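Colleague: Sequence order for the protein chains is A and B.
Just so we're aligned, residue 1 is where the first sequence starts under our numbering, counting upward by one.
Just so we're aligned, residue 1 is where the second sequence starts under our numbering, counting upward by one.
Since the hints were derived computationally from the structure, they do not count as laboratory data.
As the structure is a prediction and not an experimental result, all values here were calculated from the model.
Cβ atoms here follow ideal geometry from the backbone N, Cα and C, with glycine treated the same way.
Treat the hints with caution; some may be incorrect.
What the hints assert, rightly or not - The following residues of chain B were derived to be distant from chain A, with all beta-carbon distances above 12 Å: (1) 53; (2) 61; (3) 62; (4) 76; (5) 141; (6) 187; (7) 188.
What the hints assert, rightly or not - SDA-like, lysine to any residue: derived pairs with alpha carbons at most 20 Å apart: (8) B:182 / A:214; (9) B:236 / A:264; (10) B:61 / B:51; (11) A:214 / B:15; (12) A:113 / B:31; (13) B:267 / A:165; (14) A:141 / A:164; (15) B:187 / B:166; (16) B:236 / A:14; (17) B:182 / A:14; (18) B:267 / A:117.
As the list claims (entries may be wrong) - Okay, the calculated beta carbon distance ranges per label pair: (19) B:24 / A:168: 22 to 32 Å; (20) A:262 / B:135: 19 to 29 Å; (21) A:151 / B:57: 17 to 27 Å; (22) A:24 / B:140: 19 to 29 Å; (23) B:240 / A:61: 41 to 51 Å.
Each chain, letter by letter, is given below.
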Amino acid sequence: MNIQGENKTQNRILSLLPLWIVIGFFMIGPLLVMAVVSLMESNVYGGVHFKFSLSGYRQILFDTNLFDEIEFNPAYLIIIARSFMLALAATFLSLLIGFPAAYFISRQSDRVKNILIFLVTIPFWTNLLIRTFAWIIILGKGGVIESSFNFFGLLDEESSLNLMYTNSAILIGLVYSYLPLMVLPIYASMEKMDLRLLEAATDLYSNRIELIRKIILPLSMPGLIGGSILVFVPCLGAFIAPDLLGGGKKLLLGSLIQFQFSYARNWPFGAAMAMFLLALVILVLIFNARLNRKHREYANQK
Amino acid sequence: MQTKNKKRKFRYVWNFPGFGGWTAIFFGFLYIPIFILVCYSFNSSKFAMIWTGFSFRWYAKLFSNDDIQTATINSFIVAFAAAPLATIIATFSALALVRGGEFRFREFSSGLITLPLMVPEIVTAVATLIFFASLGINLGLINVIIAHTVFCIPFAFMPIKAALEAMDPNLELAARDLYSDKTSTFKTITLPLLTPGILSGFMLAFVISIDDFIITLMVAGGGATTLPVYIYSMVKMGVSPEVNAVSSLMLAFSIFIVTLYWFFNRKINN
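Chain B on its own, in the form it takes in the complex:
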């Protein structure tokens, strides 16, 4: 017994008793609220808090709710416009910043990219609202798309930059040595190798745009309501199983995209 204990201690000095259990509690804390929310979306009762039985009726009801459908379509329009825009801007910026060597605007440009992450979201939201209002720009969804593009840029940028840094620059040099001109080197070497990074960036930007709430709440006028803003107005009126149902679908959608991104990235790394 004595020797066994000693051996254990030697092998596992870096394991601390209780940390495993603590980590289990940590994950419980992160996931149990989400789990409860999803469970209650299957509640057949009209009152969100009282469980009466299993039912899909609130999901069925979503499909007859025009407001939710309009809001969902708006969310997708915004995300499908803002995420590609942000990804294109992020790709060109990453190319210049990673492959451009040292130059004068380098620091300044990387600072610009991280700026939307530094400024508190509520400040960005309020500032954008004042900006559009004082310039009299009231283009409905286009206002929202512009605002989303701005804060999606850093999220699209991160995976693209990582992919570029991991890429061997000698491949491009070899192509240039073999008399490939700049454009065809970019088309045949850089771009194909960078595509997984660009797609990852697009997915992250897309999720961020779909999920954004505060900036959209402030910037979107009437008729430009997105799904999170609509969910907020429903929650403010009182929690109902219908909110749980639409929220569960949204959670499932985000988790699906992020999981896709994860598997995708793991493939690249292997």
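Next comes chain A alone, as it looks inside the complex:
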């Protein structure tokens, strides 16, 4: 392709310039400004006071009481822990639901495979807010579940199962939101799998559980890890599921951050929390990159 290369460097820079300007100015720029704001003092009117202070970060762990003493406040730590637990649980449940489905889809004929994978991707492209609020109709007071319980006489008209505004409701919402992101990478790694390995193992008297444990699981590991990251990361910062199904009572990291900018109007604290979430995500991504590299080295050795 050397013929094209008369003013190669100049052309490349010219074609990449719009990207650099837009992402640089409107993505990296905002992140930098947020980092600065997280190091400022909040003022009483809900704005930012331009004075260096670590109070935004300190507030994650400590609170100032009536006597101006600093005391340990576990409230936000609990929210962080809850986000972690729910994100982990959602990832695990998605794995459990997604793994057999991805395997089944990968073993179909090309035609069926394409259609099924398309059906898996459709929810990803539709509005997450709408898909989540569909669950209010199902779980809510007098919703689909409660009315069917009523119908079979398992529940009287007056009482409620109180399914909404619980951790389980948020968990269902999270799994429902990000399940397609688990299935796609697992499917991609399973599709390339050499089926003769399964035949060979069966010939050598492996049973089905051994087939899964010793062949299918190890060979689809990159997909399992990739899918888990794709589910875990957005769950950590989820806003819609905790807000609609948790009713704003059970805050998670994402809804806590949003709350600081909509109602509480404590920008430095909200920015500090957002920085914290960003740092967590970067850690997860670094961990993922390490794992991928190890996996590749291992594959190359073979």
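Based on the hints, put chain B in the right spot on chain A.
Modeller: Just chain B now, with coordinates in the frame of chain A:
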């Protein structure tokens, strides 16, 4: 019986009992909530949860709701501005990254493209809000358009990059051998072959922009409400059949565009 069983086992070692049923449950889990939502939008009752009969009245009511119409128009203005912008930026970036060979800013530029996908949406939303507020940029819909352009870029980029990688570079080389200059090679060979990829990228960017909620919620000030943000405020006031109706229409619209994209892509691949 014995031999038949053995034969079956030999042929289908890679089929596991129960996985098919499990997959059916999986698809049920994905689609039943959407199905229920659409069903309830045809409910004639004023209360979202109680079924009294089939009716189109909530759809009819949408057409007399000015707020919904304004929000819909805003959504389309934003998507028709942000998606083309993102597609143009993504096309030029893909050309440089796929056809540019190895160069110094390569890694850095591909990193920039994937950045909006890596950063959690709520962080992007909050950061953009702080950014616009501290610079005092308050241009209504234009703020929203800028924010949408940024996170639509990676979605527009993916199909364009795939199309470029699938294209045979020898076609361009042959044209250049036959004394076509760079501009006309680009116009007559590269661009026509790339058009389906560019259109796919545009469609994905468009759907992503139309459906975006969190970033729009934080960035849009008063008067710049888009449809998802309006739906959110309606849901917060309580689920009503009217929300179901407008939501069903939105779902149908997204599914329509994505299906279009799918058929389109299948044609390219064939």
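Colleague: Failing hints, ascending?
Modeller: 8, 13, 16
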